[in-house]
Amino acid sequence: MVHVHASDPETINDFTIPNGVDESKLDGVFFTYTGLRGGAPASNTCLGHKTVTVKDFPALDDAGVSLELLEFQAGAVNVPHTHPRGAEIFFVVDGALTVGSTDSNGKLYKNMLQKGDVFVFPKGLPHYQANFDKTNKAVAVSAFASSNAGTVSLPKSLFGSNIGDDVLTKAFKISADNLQ
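For the sequence shown, position 49 (counting from the first letter as 1) is numbered 58 according to our numbering, and the numbering increases by one without interruption.
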């Protein structure tokens, strides 16, 4: 009988101290991030978001988590995208949002979320969020099972990356006119 065990590397310290930082001078400020106090107002789009990763908040180093605040103006859509390095837990703080995710077989898992609802987007799978309310904004918080989950926007990566029209027209079974 063979027994195999695998896990994440064992954490040997309580937390990671950035290079050049004197541990004796650390206090609660090190573990506090204040960058979300002003919310995540939309600028040129209907969707405002602020992501908190280890780059912005060094206390996240080795914690394996990150966070994003999203503010959806009326009618805003967070286009289909993936997070290649971490699953996402999506919590609706205010308003209502339609969310959906597809699995590797193309099955759509969709639901209308209300304030207080939570939805899980598995690591690497395409998903979206949309505020179909025509008058009210919605606010959500995403927590990621990664200190930097990454985001791959599917429209941008497919249609904004110079993949040849010949490839895209065949892949989507559409004419070049419809591609534009």
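Don't read these hints as lab results, they were simulated from the structure. Beta carbons: idealized from backbone N, C-alpha and C, even for Gly. It cannot be assumed that every hint is accurate.
As the list claims (entries may be wrong) - Quick list of the computed label-pair ranges, beta carbon to beta carbon: (1) Lys165 x Gly73: 20 to 28 Å; (2) Pro164 x Ala96: 46 to 54 Å; (3) Leu134 x Ser33: 43 to 51 Å.
Stated by the list, open to error - Straight-line Cα separation of at most 30 Å, DSBU-like style, residue types lysine-lysine; simulated pairs: (4) Lys64 x Lys34; (5) Lys34 x Lys59; (6) Lys34 x Lys116; (7) Lys119 x Lys165; (8) Lys179 x Lys146; (9) Lys119 x Lys182; (10) Lys116 x Lys64; (11) Lys165 x Lys182; (12) Lys119 x Lys179; (13) Lys165 x Lys132; (14) Lys132 x Lys116; (15) Lys182 x Lys59; (16) Lys64 x Lys146; (17) Lys119 x Lys132; (18) Lys179 x Lys143; (19) Lys59 x Lys132; (20) Lys146 x Lys182; (21) Lys132 x Lys34; (22) Lys59 x Lys165; (23) Lys143 x Lys119; (24) Lys146 x Lys132; (25) Lys165 x Lys143; (26) Lys165 x Lys64; (27) Lys116 x Lys165; (28) Lys146 x Lys119; (29) Lys64 x Lys132; (30) Lys132 x Lys182.
Cross-check of the supplied hints:
1. Lys165 x Gly73: 20 to 28 Å: holds (27 Å)
2. Pro164 x Ala96: 46 to 54 Å: At 22 Å between Cβs, range violated.
3. Leu134 x Ser33: 43 to 51 Å: Since leucine 134 and serine 33 have Cβ atoms about 44 Å apart, the given range 43 to 51 Å holds.
4. Lys64 x Lys34: holds (20 Å)
5. Lys34 x Lys59: holds (28 Å)
6. Lys34 x Lys116: Violated, at roughly 52 Å.
7. Lys119 x Lys165: At roughly 22 Å apart (the allowed maximum being 30 Å), lysine 165 and lysine 119 satisfy the hint.
8. Lys179 x Lys146: Answer violated: lysine 179 to lysine 146 is near 38 Å, above 30 Å.
9. Lys119 x Lys182: Measuring from Cα to Cα gives roughly 25 Å; hence the hint holds.
10. Lys116 x Lys64: violated (35 Å)
11. Lys165 x Lys182: At roughly 19 Å apart (the allowed maximum being 30 Å), lysine 182 and lysine 165 satisfy the hint.
12. Lys119 x Lys179: Judged against 30 Å, a Cα distance of about 28 Å means the pair holds.
13. Lys165 x Lys132: holds (19 Å)
14. Lys132 x Lys116: Distance ~16 Å between lysine 132 and lysine 116 Cα, so the pair holds.
15. Lys182 x Lys59: violated (36 Å)
16. Lys64 x Lys146: holds (29 Å)
17. Lys119 x Lys132: holds (16 Å)
18. Lys179 x Lys143: It is violated: about 36 Å lies between the C-alpha atoms, which goes past 30 Å.
19. Lys59 x Lys132: Holds: lysine 59 and lysine 132 sit about 20 Å apart, inside 30 Å.
20. Lys146 x Lys182: Measuring from Cα to Cα gives roughly 36 Å; hence the hint is violated.
21. Lys132 x Lys34: Given pair lysine 132, lysine 34 is violated - Cα atoms ~37 Å apart, limit 30 Å.
22. Lys59 x Lys165: The hint holds at about 19 Å.
23. Lys143 x Lys119: holds (20 Å)
24. Lys146 x Lys132: Since the Cα atoms of lysine 146 and lysine 132 sit roughly 27 Å apart, the hinted pair holds (cutoff 30 Å).
25. Lys165 x Lys143: Cα-Cα ~26 Å, so holds.
26. Lys165 x Lys64: holds (23 Å)
27. Lys116 x Lys165: holds (22 Å)
28. Lys146 x Lys119: Holds. Lysine 146 to lysine 119 sits at ~20 Å (cutoff 30 Å).
29. Lys64 x Lys132: holds (21 Å)
30. Lys132 x Lys182: holds (28 Å)
In this structure, the earlier hints numbered 2, 6, 8, 10, 15, 18, 20 and 21 are contradicted, and the remaining ones agree with it.
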